[in-house]
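> As a plain string of letters, each chain reads:
Number of protein chains: 4
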Amino acid sequence: MAGNTFGQLFRITTFGESHGAAIGGVVDGCPAGIEFDEVLLIREMQRRRPGQSQIVSPRNEDDIVQILSGIFEGKTTGTPIGFTIQNKDQKSVDYEKYKDVFRPGHADHTWNEKFGTRDHRGGGRASARETSARVAAGAIAKMFLNKTSQIKIHAFVSDIHDIHLDRNYNLYDLSLSETNVVRCPDPTLAQKMIGLIEETRAQKNSLGGIITCIASGLSVGLGEPVFDKLPAVLAHAMMSINAVKGFEMGEGFASAAMKGTEMNDQWSDDGKLTSNHAGGVSGGISNGQDLVFRIAFKPTSSISSLQSALTASGEVTQIGIEGRHDPCVVPRAVPIVEAMCAIVLADFLLLTKTNQA
Amino acid sequence: MAGNTFGQLFRITTFGESHGAAIGGVVDGCPAGIEFDEVLLIREMQRRRPGQSQIVSPRNEDDIVQILSGIFEGKTTGTPIGFTIQNKDQKSVDYEKYKDVFRPGHADHTWNEKFGTRDHRGGGRASARETSARVAAGAIAKMFLNKTSQIKIHAFVSDIHDIHLDRNYNLYDLSLSETNVVRCPDPTLAQKMIGLIEETRAQKNSLGGIITCIASGLSVGLGEPVFDKLPAVLAHAMMSINAVKGFEMGEGFASAAMKGTEMNDQWSDDGKLTSNHAGGVSGGISNGQDLVFRIAFKPTSSISSLQSALTASGEVTQIGIEGRHDPCVVPRAVPIVEAMCAIVLADFLLLTKTNQA
Amino acid sequence: MAGNTFGQLFRITTFGESHGAAIGGVVDGCPAGIEFDEVLLIREMQRRRPGQSQIVSPRNEDDIVQILSGIFEGKTTGTPIGFTIQNKDQKSVDYEKYKDVFRPGHADHTWNEKFGTRDHRGGGRASARETSARVAAGAIAKMFLNKTSQIKIHAFVSDIHDIHLDRNYNLYDLSLSETNVVRCPDPTLAQKMIGLIEETRAQKNSLGGIITCIASGLSVGLGEPVFDKLPAVLAHAMMSINAVKGFEMGEGFASAAMKGTEMNDQWSDDGKLTSNHAGGVSGGISNGQDLVFRIAFKPTSSISSLQSALTASGEVTQIGIEGRHDPCVVPRAVPIVEAMCAIVLADFLLLTKTNQA
Amino acid sequence: MAGNTFGQLFRITTFGESHGAAIGGVVDGCPAGIEFDEVLLIREMQRRRPGQSQIVSPRNEDDIVQILSGIFEGKTTGTPIGFTIQNKDQKSVDYEKYKDVFRPGHADHTWNEKFGTRDHRGGGRASARETSARVAAGAIAKMFLNKTSQIKIHAFVSDIHDIHLDRNYNLYDLSLSETNVVRCPDPTLAQKMIGLIEETRAQKNSLGGIITCIASGLSVGLGEPVFDKLPAVLAHAMMSINAVKGFEMGEGFASAAMKGTEMNDQWSDDGKLTSNHAGGVSGGISNGQDLVFRIAFKPTSSISSLQSALTASGEVTQIGIEGRHDPCVVPRAVPIVEAMCAIVLADFLLLTKTNQA
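Residue numbers (this note's numbering), protein chains in the order written: chain A, 119 to 475; chain B, 119 to 475; chain C, 119 to 475; chain D, 119 to 475.
By construction, these hints were calculated from the structure, which means they are not laboratory data.
All clues stand as given, with none of them false.
Because identical chains cannot be distinguished in the list, a pair is counted as satisfied if it fits within a single copy or across any two copies.
Think about it this way: if two alpha-carbon atoms lie no more than 20 Å apart in a straight line, the pair counts; the simulated EDC-like pairs of lysine to aspartate or glutamate are: (1) K215 to E191; (2) K217 to E191; (3) K270 to D408; (4) K193 to E214; (5) K390 to D218; (6) K377 to E440; (7) K270 to E153; (8) K209 to E440; (9) K390 to E231; (10) K377 to E317; (11) K193 to E231; (12) K322 to D212.
Every value quoted in this text rests on a predicted model; they were computed, and no experiment measured them.
Just need the whole structure built from these sequences, with the hints factored in.
Written as structure tokens, this is what we have:
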């Protein structure tokens with residue numbers, strides 16, 4: 119067990135259920151001397167917060183992070199940073215009806231079998247509410263990256279259902295992604311995506327999509343062979359996020375249909391690589407180019423259309439999931455992806471300090 | 119650092135360079151009392167071995183595994199199983215010319231920057247020769263699975279370049295995959311794939327492809343939330359294999375274009391799920407259905423076509439990589455994928471013993 | 119870094135400074151289905167609490183543990199148990215004078231050098247107030263042991279300064295140790311110890327002592343060779359407690375002056391060992407006898423006698439430490455020793471489930 | 119399980135049984151660029167080797183370490199260093215008689231219960247022959263310390279049975295300890311110790327003793343609070359060595375009988391500490407003074423006097439252990455203590471690189 123810790127040197131441990139008293143966590147291993155940037159923390163939490171727009175869950179949580187330790191006189195001290203996020207708008211009574219029903223696409227059944235019990239309220243620990251602690255921890259990782267590196271991480275929604283951005287992200291002004299509620303850098307497609315999400319919700323259905331994440335400013339050398347290559351640990355981090363079904367670096371699955379002459383990134387006379395098919399890694403180690411990866415999210419499992427579910431007593435029943443769900447989790451997952459990416463890179467930056475004598 | 123260990127309870131540590139004295143490793147945490155199945159070990163090593171067919175590297179290694187500890191009177195004793203695999207057919211002289219050249223698509227440059235040095239001979243530790251130790255460790259994991267579970271793992275080549283199997287693997291007799299050198303269960307497409315690989319090699323080029331892996335017989339409950347979900351750890355394992363660029367579970371990237379009503383697996387009246395879009399996991403935990411995942415491999419970086427490479431002194435030079443390379447790494451990667459899958463499942467089987475009081 | 123986590127499967131992570139907002143922690147890996155015994159938790163916290171008697175620090179903390187997650191309907195759910203303990207009676211102003219002074223025997227100087235900063239208030243994270251989280255986590259470990267084993271842990275004060283109990287603990291009724299404030303099972307010696315502590319405090323000085331810990335009811339087989347032998351991990355746990363300077367199992371240091379014929383425990387005709395010189399372990403693994411170990415505590419570093427201290431600017435100054443200190447930390451350390459012992463044994467009980475196929 | 123790995127960043131994994139094919143291990147995380155000092159490696163192995171003198175086991179092993187990876191052109195490359203040490207002089211037939219007998223003081227019984235089996239030949243993995251891999255790994259750690267720090271480690275025999283050196287090690291010329299076979303820096307007492315050991319062996323008995331270890335040249339700041347304090351991890355390392363029953367830092371158990379005014383190390387006007395009662399640590403972190411710790415070894419369990427042992431069928435039998443045993447393990451344990459100390463310090467040196475931003 120003990121699966122609630124992630125990272126080796128920059129390490130996060132989280133706890134908390136959707137309808138419990140609080141979500142929280144501990145960041146251990148953040149070096150001393152980092153300015154604590156409360157504005158950054160609040161901004162990241164707001165980006166993930168439910169109720170932020172018309173296309174997300176209306177659950178009303180202010181998601182204020184209470185820092186309990188590890189910060190003194192405005193800076194990190196090298197001691198663990200404990201924090202909590204109160205749950206305020208639990209409506210557990212909404213979930214009484216699901217107490218003895220395993221919802222399709224959810225963790226209800228597997229969790230119940232695994233542990234012999236579960237906190238059924240709002241999905242308990244399997245709820246994506248758990249990710250609020252990741253975003254808080256990721257904000258601290260971003261503070262570390264801001265202080266000690268040139269790394270900038272930018273994730274955005276590149277695909278919702280059948281609406282796709284071009285895979286060449288250089289065609290877009292990525293800063294526009296935070297100017298609309300779906301977090302897509304193409305304003306026209308963003309409106310189409312928003313419309314499709316609203317329409318789908320009205321149809322009692324849900325949508326999947328893809329987040330593309332770009333990290334720039336990496337030094338050469340991040341990633342630890344052979345098992346902890348940068349893409350391997352990133353994949354671990356991303357595939358641990360609720361509803362994620364796929365991960366790819368650079369050309370990813372498309373590379374399976376390419377030839378060596380097309381895929382290999384070659385050097386130009388100025389000593390720089392002329393392309394970035396690999397997505398910023400060579401042999402599993404950062405090569406100084408932009409890190410580029412994509413994460414596939416399935417459509418939200420909770421839909422109000424009727425579906426066949428299993429009861430605890432082994433019968434099948436028809437249920438439509440009422441409650442305050444996102445018709446598409448992808449827009450709110452953007453800060454979660456960035457948070458996990460920041461944590462991975464912070465950890466590798468620290469590990470890399472020990473590569474040479 | 120210390121990235122050469124994988125797993126928590128069933129844990130492997132590997133060592134060795136392509137042209138060093140030996141590859142080897144240690145399996146720690148394998149329970150006592152498992153029959154040591156030497157036939158299985160030899161078979162797995164043969165499946166990965168270079169020189170096994172006309173479409174792979176002709177390097178001549180017999181890849182005999184010497185077990186040094188942990189087995190007594192034909193069974194595991196619960197102590198670490200150390201093993202070595204001698205390197206016999208090193209032709210290091212072939213690599214003298216690459217000593218001061220960083221090859222496109224390879225780890226040469228990043229590794230050199232990271233460590234300030236590298237064993238350039240045959241790619242050193244970045245060579246896929248490293249994976250021979252994974253296959254040996256995976257064979258031990260398979261012995262454990264055979265003894266203590268119903269789990270069977272079957273990986274096969276489902277796609278080479280633009281030749282694709284149907285994604286519904288139930289259409290095929292998977293046992294046929296080991297009857298041809300490309301490891302594809304459709305004999306007709308297998309021949310096409312083989313022809314395409316040979317043709318591509320003749321053109322001094324290389325090909326990518328996709329491996330699909332099916333694991334059946336899992337109990338419900340494997341995977342440790344929230345960071346060590348089954349897909350997360352599988353992705354970590356698979357993305358750590360050389361040349362892998364993508365990983366997906368079940369519908370994977372296709373799920374991003376699906377709706378909730380299409381993606382959710384529902385229960386039928388007999389208490390079983392009627393579909394397996396999720397790929398055998400619910401909420402990141404095994405649900406008892408077949409585990410289904412796909413891994414994308416890029417085309418081999420080593421091609422004999424001329425490419426622009428960087429020299430250690432910062433100049434660009436044209437090189438064609440001669441030597442004994444696979445024109446497509448995918449067929450030989452099949453046993454590696456199975457090995458890593460077996461290690462992940464063995465580890466989770468052990469972890470799961472501690473979930474309930 | 120990341121030194122704030124202990125344990126492999128039953129794993130605790132703690133945070134918090136002496137004068138920060140709260141102390142807290144996360145217990146991850148506690149199996150599901152354990153009854154949550156709040157009475158036990160409160161009792162353990164009361165045993166460690168300052169202000170409990172005339173011979174300990176008068177700091178007034180009620181040390182109520184707020185459980186934030188992981189418990190549902192009175193039982194553990196297998197998810198992480200997050201908790202906090204508010205700091206209420208901080209008198210940070212007392213410590214302003216030590217802001218730029220490194221106190222003798224304290225972590226002030228080393229911590230400041232290590233991290234380039236420190237929270238000087240009350241010793242910050244280096245304060246033994248940190249151990250309140252250990253006791254809370256240990257109480258959960260005890261709940262697990264109570265549910266799943268016959269293990270009982272009993273620590274007591276066997277030595278204060280030059281007042282020593284006989285090393286044969288069978289001579290005493292150990293249950294008496296909790297009937298006096300010094301936690302010594304011999305009522306007469308207990309009164310002497312209390313008198314000596316009070317007298318020493320009046321002399322502006324402090325005392326050291328020894329805690330003996332007995333754990334009974336262990337099954338054979340706890341401990342993981344070769345690095346995680348039971349005595350090794352116990353020593354790690356105990357030596358991590360503030361003010362501990364020594365650890366020994368069974369005869370311990372005395373065994374260095376014994377001969378093989380004296381030290382070896384031999385079997386009698388009923389298949390039981392006739393002595394327990396080893397302290398309950400053979401080859402580093404529990405042998406079913408009582409686990410017996412002793413922990414040496416140095417005298418409290420904070421004394422009100424004048425001592426030479428170093429200032430941040432490199433000068434030497436004379437200081438007497440005022441404030442609310444224990445003249446002898448040993449009585450309050452008894453529940454801390456038990457807590458760490460419970461955590462170690464809980465972890466090994468879980469690990470042991472995976473030793474055989 | 120998985121107890122055969124030690125360390126976080128500088129990490130060793132070992133394998134091998136006393137009478138198996140080989141002992142071996144993997145050092146992972148040693149930074150690149152360290153000169154490989156073969157002379158140092160051979161010297162350390164010789165210090166631990168059986169057959170080196172008249173007071174140790176006559177088993178004839180040359181203990182040559184074969185390095186299989188991780189070294190290229192005379193330097194470490196940052197990749198794992200795999201190595202093996204062949205077992206050559208196994209006389210397994212000597213142990214046939216112990217196949218179904220659990221020897222007093224040995225791991226036979228506990229191991230058998232734990233794993234349901236054991237390699238009984240020569241104690242299998244529980245044999246101190248396992249420590250040859252520790253010494254090899256420790257030699258690599260020493261190479262790292264030599265290259266990157268001023269740290270020097272010196273262990274010596276300070277006590278054999280009732281023959282004791284003064285605890286003030288500054289009274290001795292420590293370099294003399296390697297000039298006699300018992301490794302005691304006082305030549306006169308050394309001869310007494312040797313005489314006592316020989317005499318005791320003739321009496322079919324064995325002796326215990328104490329090793330004192332001094333490490334000088336540490337920077338301030340090694341050790342990671344709160345669980346991985348320097349004394350805690352050192353104790354873990356030392357208590358994992360065969361036959362060790364106690365560990366203490368500085369005044370150790372004697373501090374339990376001291377007062378605060380006696381124990382606290384105070385600063386003199388030149389900014390230096392005037393005493394070292396603490397043994398080189400303050401608050402669990404190195405303070406720049408000599409690290410001083412002592413390790414108690416019990417007398418060898420294997421003695422040729424008759425003792426009561428348990429048979430596998432539950433009966434008691436009288437046995438005298440014949441074979442090639444050390445009458446006192448302490449002299450040969452000196453390099454093992456140094457090796458584990460070097461590994462701990464190497465690990466902390468790497469960890470310390472990440473304490474500050």
